[in-house]
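Chemist: So you can see what is in the structure, the chains are spelled out below.
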Amino acid sequence: MNRPATAPAVIHLRDATIGYGDVPIVRGADLTVGPGEAVAVLGSNGSGKTTLARGLLGLAAVLGGDVELLGAPVGRLSHRPPAQRGRVGYVPQRHSVTGAVPATVREVVGVGRLAHLGLFRRLGAADRAAVTDAVAAVGLADRLDDPVAALSGGQQRRVLVARALAAEPELLIMDEPTAGVDAASQEALAGVLARVSSGGTTLVVVTHETAPLAGVLTRAVVVDHGRISYDGPLLPGHTLDEPDPHHHPHDTAPRGYRMDQPTVTTRRGGSAEQGR
Amino acid sequence: MDILDYDFMQRALLASLMVGLVAPAVGVFLVQRRLSLLGDGLGHVALTGVAVGVLTATSPVWTALVAAVLGAVLIELVRARGRTSGDVALAVLFYGGIAGGVVLLSLAPRGQATNLDSYLFGAITTTSTEDVAVFAGIALVVLATVALLGHRLYAVSDDEEYARAVGLPVLALNVVLAALVAATVVLSMRVVGLLLISALMIVPSAIAQLLARSFRTTLALACVVGLVVSVAGTTTSFYAGTPSGGTIVLLAIALFLLVTTGVTVRDATARRRHRRRTDVHDAHPHEHGEGCGHQPVFHGDHVDYDHDGHLHAPHLTGTGIHYDEHGSDAAPVHRPGKGAAR
Ligand SMILES: Nc1ncnc2c1ncn2[C@@H]1O[C@H](COP(=O)(O)OP(=O)(O)OP(=O)(O)O)[C@@H](O)[C@H]1O
Ligand SMILES: [Mg+2]
Ligand SMILES: [Zn+2]
Ligand SMILES: [Zn+2]
Ligand SMILES: [Zn+2]
Ligand SMILES: [Zn+2]
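So the protein lines, in turn, are chains A and B.
Here the first sequence is numbered in the numbering used here, starting from 1 and rising by one per residue.
Here the second sequence is numbered in the numbering used here, starting from 1 and rising by one per residue.
What the hints contain is simulated information worked out from the structure, not anything from laboratory work.
All C-beta atoms in this analysis are idealised placements derived from N, C-alpha and C, irrespective of residue type, glycine included.
Heads up, a few of these hints could be off.
[Said to hold, decoys possible] Residues of chain B placed beyond 12 Å of chain A at every Cβ, according to the derived structure:
id : residue
1  : Leu148
2  : Phe238
3  : Gln295
[What the hints assert, rightly or not] Facing chain A, according to a computed beta carbon distance under 10 Å, are these residues of chain B, among others:
id : residue
4  : Phe29
5  : His151
6  : Ala208
7  : Ala232
8  : Thr242
9  : Gly246
[Stated by the list, open to error] What follows is a set of in silico ranges between Cβ atoms, one per label pair, in the way DEER data are often shown:
id : chain 1 : residue 1 : chain 2 : residue 2 : range
10 : A       : Ala183    : B       : Leu140    : 49 to 57 Å
11 : B       : His286    : A       : Arg195    : 36 to 44 Å
12 : B       : Gly291    : A       : Gly154    : 29 to 37 Å
13 : A       : Ala179    : B       : Val92     : 16 to 24 Å
14 : B       : Ala220    : A       : Arg14     : 49 to 57 Å
Turn these sequences into a full structure, and let the hints guide you.
Modeler: What follows is the structure, given as structure tokens:
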């Protein structure tokens with residue numbers, strides 16, 4: 001966060017209200033993320049993390065205030081301004097690949113390259129190499145030509161991670177990339193993210209489990225009932241109260257961030273370097 | 001070859017060839033997008049265009065093309081606004097289009113409106129030379145667009161949110177796809193008919209999905225299937241004296257049922273054989289590995305263990321280690337894919 005004051009922000013929210021239809025979910029959000037930062041977005045279920053991420057991407061409506069991405073405003077469900085094309089990678093929380101027609105891992109991940117290309121250009125050798133690299137990075141190199149539908153749920157999530165990685169984006173927004181992913185793959189992902197991050201990519205990772213990515217993510221933004229309740233360094237041991245599954249935004253006293261949870265302190269034995 | 005002695009049959013076969021190839025090439029994207037009925041809705045709208053053509057004594061192919069493309073653009077704009085659901089917008093198109101067409105056609109001078117059936121269900125005798133030329137133009141444009149934009153159309157059909165998030169021109173691509181559907185509907189007007197074209201877009205894709213593993217092969221296979229049933233159906237309708245559209249669609253559906261049955265039987269057999277071999281291997285008291293006493297056999301990308309007259313191929317599944325029997329020549333019995341996933 002001690003970047004030079006001149007570096008333009010990758011993400012800039014000023015008093016932003018984001019919601020669905022006319023219903024505000026995230027309110028009064030102020031947030032500035034500079035190039036190369038690695039931010040964890042934390043908060044209980046239903047607190048508004050996904051809505052915040054989708055607002056950044058133009059997928060949820062900006063109902064008030066300013067939301068700027070890569071120096072250009074994100075319009076209300078509008079198209080990306082040219083300045084933002086091909087520079088953003090996104091891993092959605094829900095597996096929204098619901099298409100009825102079979103598609104291979106290679107085909108799905110190849111989509112990650114499209115935003116880079118002119119409208120009528122086909123994937124070139126460099127694009128194909130980026131696709132195989134991204135698939136290898138999530139440990140699915142041997143499944144490149146298998147239909148995605150034949151993969152397990154966790155493997156399908158990794159395919160979506162690969163799709164975002166293949167874009168080689170400047171800003172990578174991931175909504176719970178480690179949910180349902182086994183420990184070994186989480187460590188591998190941490191390694192990949194560390195590499196991507198040291199290459200200058202800005203990371204915004206919505207997560208409930210900071211432990212696997214603790215070595216990569218350095219800043220925490222906590223969303224509580226639609227408001228940003230904490231924004232500061234991600235310290236070891238930071239974790240969340242997990243609310244009950246029927247949590248309603250207004251039924252209990254505020255809860256969320258706390259620092260006294262001793263159970264999750266350090267990452268698993270592995271290191272940020274990727275194995276192999 | 002006497003069927004080709006008739007000029008109208010030559011034209012009908014040409015038209016059926018084109019529509020058979022083009023309709024599935026567009027339909028696969030609609031299936032992927034779960035918007036299978038868009039073709040049907042646009043067929044209804046095209047009927048209003050046909051009626052306008054009949055009333056104004058212009059070629060109904062052109063007026064149908066204009067009406068269908070306008071309808072296509074309109075429905076995508078309505079969907080993009082997000083206020084009305086796609087469903088409701090489609091329904092308005094359906095009923096507005098067919099009602100407009102029927103009412104307008106009833107205003108036409110006597111004798112004109114009687115060929116309504118041929119527009120709705122296809123008739124081989126109706127394709128004019130001019131129609132063939134227009135159809136060829138449409139077919140070329142549609143195929144070229146799919147060749148150029150196919151990957152992007154796939155991306156938008158597969159995961160529209162992601163496409164929007166990374167900055168693909170989602171609305172433009174959706175409008176292009178809808179316009180392609182509209183053009184294909186018009187292409188179908190003579191041979192398949194406006195009410196049945198949707199089937200020729202969807203059913204070949206449904207057949208191809210059962211057999212293919214990738215989007216690309218699904219697309220290619222669907223086009224082949226569409227072409228075969230379209231030409232075969234048109235030929236059949238010549239000899240049997242049945243309406244071409246209905247004949248083509250019935251053929252396609254028959255093929256679909258055949259392939260479904262075939263795939264089901266194949267999967268069941270493979271599963272049964274798989275299970276039987278599993279029983280055999282489960283009787284082995286140890287996991288094969290280095291120094292287990294059995295002869296390792298290198299088999300492509302893996303190692304089998306040779307014992308008691310068979311090759312034993314361990315592999316990991318979701319539930320743990322599992323053994324297949326590999327012949328020294330045969331391909332693995334176990335296919336990771338559709339069948340096993342069920
Ligand atoms: N498409 C939608 N339309 C209307 N309301 C929505 C929509 N999606 C989410 N919400 C509401 O917005 C609130 C915040 O949801 P959001 O998905 O942002 O939570 P989250 O912090 O990502 O939770 P989780 O940890 O479960 O992913 C919830 O109360 C939810 O009901
Ligand atoms: Mg969420
Ligand atoms: Zn052995
Ligand atoms: Zn073998
Ligand atoms: Zn054995
Ligand atoms: Zn097996």
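Chemist: For each hint, tell me whether it holds in the structure or not.
Modeler: Against the structure, the hints:
no.	hint	verdict
1	Leu148	violated, 5 Å
2	Phe238	holds, 33 Å
3	Gln295	holds, 26 Å
4	Phe29	holds, 8 Å
5	His151	holds, 6 Å
6	Ala208	holds, 8 Å
7	Ala232	violated, 24 Å
8	Thr242	violated, 31 Å
9	Gly246	violated, 26 Å
10	Ala183(A) to Leu140(B): 49 to 57 Å	holds, 54 Å
11	His286(B) to Arg195(A): 36 to 44 Å	holds, 41 Å
12	Gly291(B) to Gly154(A): 29 to 37 Å	holds, 33 Å
13	Ala179(A) to Val92(B): 16 to 24 Å	violated, 40 Å
14	Ala220(B) to Arg14(A): 49 to 57 Å	holds, 51 Å
Of the numbered hints given earlier, the model fails hints 1, 7, 8, 9, 13; all others are met.
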